[in-house]
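A.B. asks: Just need the whole structure built from these sequences, with the hints factored in.
As a plain string of letters, each chain reads:
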Amino acid sequence: MMASFAPFLRRPEAASIISLIGIVAFYVIIGGVDLVTLFGAASWINFAANLGIVAIPVGILMIGGQIDISIGAMIPAGSMTVAIVSGHFGLPIEVGILATLSLGAIVGLVNGLLTVRTTVPSLIVTLGTLVVMQGVVLAGANLLTGAASVKIEAPAWAKAAFGSLIGSSHQVIILWWLVAVVVFAFVIHKTRFGNWVFAMGGDLVSARNAGVPTARLTIMLFMLSAMSAAFVGMCGAIQFNSAQVSGGMGYIFNTIVSIVVGGVLLTGGFGSVVGIFIGTLTFAIVSQGIYFTQIDRNWSSLIIGVTLLLAVAMNESFRKFALRAGPRQATGRR
Amino acid sequence: MSANAPILALRGVNKSFGPIDVLHDINLEVRAGEVLCLLGDNGAGKSTLIRILSGVHQPTSGTIEMDGQSVGFPTPRAAADKGIATVHQFGGTFPLMSIGRSFFVGVEPTKGWGPFKTYDRKKANEIAVKAVQDFGITRIDDGDRLVGGLSGGERQSLAIARAVHFGARVLILDEPTAALGVKQAAHVLRIVNEAKRRGLAVIFITHQVMHAMAVGDHFAVLIRGAVAADFKKGEKTREQITDLMAGGETMADLEATIEGYMASHDGHPPPPSH
Ligand SMILES: Nc1ncnc2c1ncn2[C@@H]1O[C@H](COP(=O)(O)OP(=O)(O)OP(=O)(O)O)[C@@H](O)[C@H]1O
Ligand SMILES: [Mg+2]
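From first to last, the protein sequence lines stand for chains A and B.
1 is the number of the first residue of the first sequence in this note's numbering; add one for each residue after it.
335 is the number of the first residue of the second sequence in this note's numbering; add one for each residue after it.
Hints listed in this document are in silico derivations from the structure and should not be mistaken for laboratory results.
It is possible that part of the hints are untrue.
[Said to hold, decoys possible] Once the Cα atoms are required to be at most 25 angstroms apart in a straight line, the calculated DMTMM-like pairs of lysine to aspartate or glutamate come out as:
no., chain 1, residue 1, chain 2, residue 2
1, A, K320, B, D475
2, B, K567, B, E509
3, B, K567, B, D551
4, A, K190, B, D478
5, B, K464, B, E569
6, A, K320, B, D476
7, A, K190, B, E460
8, B, K517, B, D468
9, B, K567, B, E528
10, A, K190, B, D454
11, A, K190, B, E509
12, B, K566, B, D508
13, B, K530, B, D478
14, A, K320, B, D478
15, A, K190, B, E593
16, B, K451, B, D476
17, B, K445, B, D476
18, B, K451, B, D401
19, A, K159, A, E94
20, B, K530, B, E509
21, B, K530, B, D551
22, B, K416, B, D508
23, B, K451, B, D468
24, B, K457, B, D478
Here the structure is a predicted model, which is why all the values come from computation and not from measurement.
C.D. replies: Rendered as structure tokens:
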């Protein structure tokens, strides 16, 4: 029994899978939720997809030993950029998309450069760019449009690609999320590039001395996370035909919880893309699934907190387990 | 290839950090297939010396020669490229990576082509496991195990095997046995002997005279940043080396001082001097 279970427990995503099963079981047994209703519902899946597209690159950045909280401002910045460029100024949507992704690339580049060129921790660097970008979005929207809310009417193809509903309720961004999971899981776990990310997060100096281009890699990961956040903001604007200057702050907390529940070590060097995916699902079910239960929704923060703590405790002990025993010994074959 | 020509030599090397002089006029040589033991009390400058050899620090004056040519190591990478491998106290690095993955960081084997070129886990594991087993560590047989799950001695061995595999000519070990028990330390000393047998030059830093005597061919004692003694295997006894390491004072003198102090201070030992 233990023999078939041990390799599973050693995987970074083991605790997140148990958390996911645990929370669904809790909602079914205590909350009286109907599984068919829960899995048929779009609300939490839409929530998970938007969150997940940001959580993957931020989680990979965390595996690489850094953190990015400026994503909280990059989401409204992304929606505002596409809305101002293609809505307010009426430029082609292609220009709006390009401008949005470029803004993400630039902010990510700044985050990355500041992190590798100074000794300031990336938490502080990205706190700085978070506040700066909030200001830029507020003042920029006001200056250019005179309003805090900007309308955008995207052409049919862009609407279909970034802001349509599949069936009648599932956002198309779910597909983007699934593609991102597959692509990043491949890159992180199957390529040299992925190995460098783990090495860098495990020991920056040793990785650099071993020939890993750590500065370039760090900058790239920061660019990826800022661009992903801008992308999610852009999809939202195209979906709802308008952009607001506010919102996005909740993503900071939500991504970090999802990533940590997903088994990524906060200090870097350990984790998996599948883990981040499952952590995001778990977080989405905990926070959105509660509406399908008979549990008073005021309890949801408590449940999130307990899930996080349990997941962290499990991650900790599974990691110890992974370190302690090699597969040979664990399966009892000496 | 003369067996006597040193691979690496320090000629009149000085190092100061601002106003603090840490190393004075260091002259040392290491040869292929020879272990140089660097001995000395805490703060004598041993780590500073090897940081110069591994490209972390630059000498304030003096030269480093490799194969008779004057060289500079502006970065750790530059030193590594010239075949100087440094293994740190805990065998370094990447405790949460698998043996195969950590072994090949930066030079991962791949298979496939173009954008689908993937990390070749099987090959990496095979080579890494074989490299350590060739050093006599047969207990490591699974390249998927995490490095952090190995014992201290096994981790040292892995790091040394890795350095040798990637063509290191000079192996620098900073107190590799300091945190290890008797058995584990013996393990590492055997690996050091194996590296030496394969023709590497080894610089071995330790506080334990027994460990030094077990592997050393050549000994240098640093006292306050200067080479106070430089001798070959068999030229000095264990007691003489111990006394040298204590900074010239003999162990007997030290004991007498402590006893004298305790006698006059109600049996309390003297406070530490720094
Ligand atoms: N970067 C630095 N700046 C200023 N002083 C330094 C620096 N690095 C080392 N020193 C000083 O140089 C002296 C020698 O230090 P070093 O670490 O080389 O000693 P060590 O022989 O390795 O000692 P130990 O046996 O405790 O490891 C110490 O007095 C230390 O304080
Ligand atoms: Mg030292």
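A.B. asks: Now tell me if each hint is right for this structure.
C.D. replies: Results of checking the hints against the structure:
no. : hint             : in the structure
1   : K320/A to D475/B : holds, 20 angstroms
2   : K567/B to E509/B : holds, 20 angstroms
3   : K567/B to D551/B : holds, 5 angstroms
4   : K190/A to D478/B : holds, 14 angstroms
5   : K464/B to E569/B : violated, 38 angstroms
6   : K320/A to D476/B : holds, 18 angstroms
7   : K190/A to E460/B : holds, 17 angstroms
8   : K517/B to D468/B : holds, 19 angstroms
9   : K567/B to E528/B : holds, 18 angstroms
10  : K190/A to D454/B : holds, 8 angstroms
11  : K190/A to E509/B : violated, 36 angstroms
12  : K566/B to D508/B : holds, 20 angstroms
13  : K530/B to D478/B : violated, 29 angstroms
14  : K320/A to D478/B : holds, 15 angstroms
15  : K190/A to E593/B : violated, 64 angstroms
16  : K451/B to D476/B : holds, 24 angstroms
17  : K445/B to D476/B : holds, 21 angstroms
18  : K451/B to D401/B : violated, 39 angstroms
19  : K159/A to E94/A  : holds, 12 angstroms
20  : K530/B to E509/B : holds, 17 angstroms
21  : K530/B to D551/B : holds, 10 angstroms
22  : K416/B to D508/B : holds, 19 angstroms
23  : K451/B to D468/B : violated, 29 angstroms
24  : K457/B to D478/B : holds, 12 angstroms
Hint compliance for this structure: hints 5, 11, 13, 15, 18 and 23 are not met, and every other hint is.
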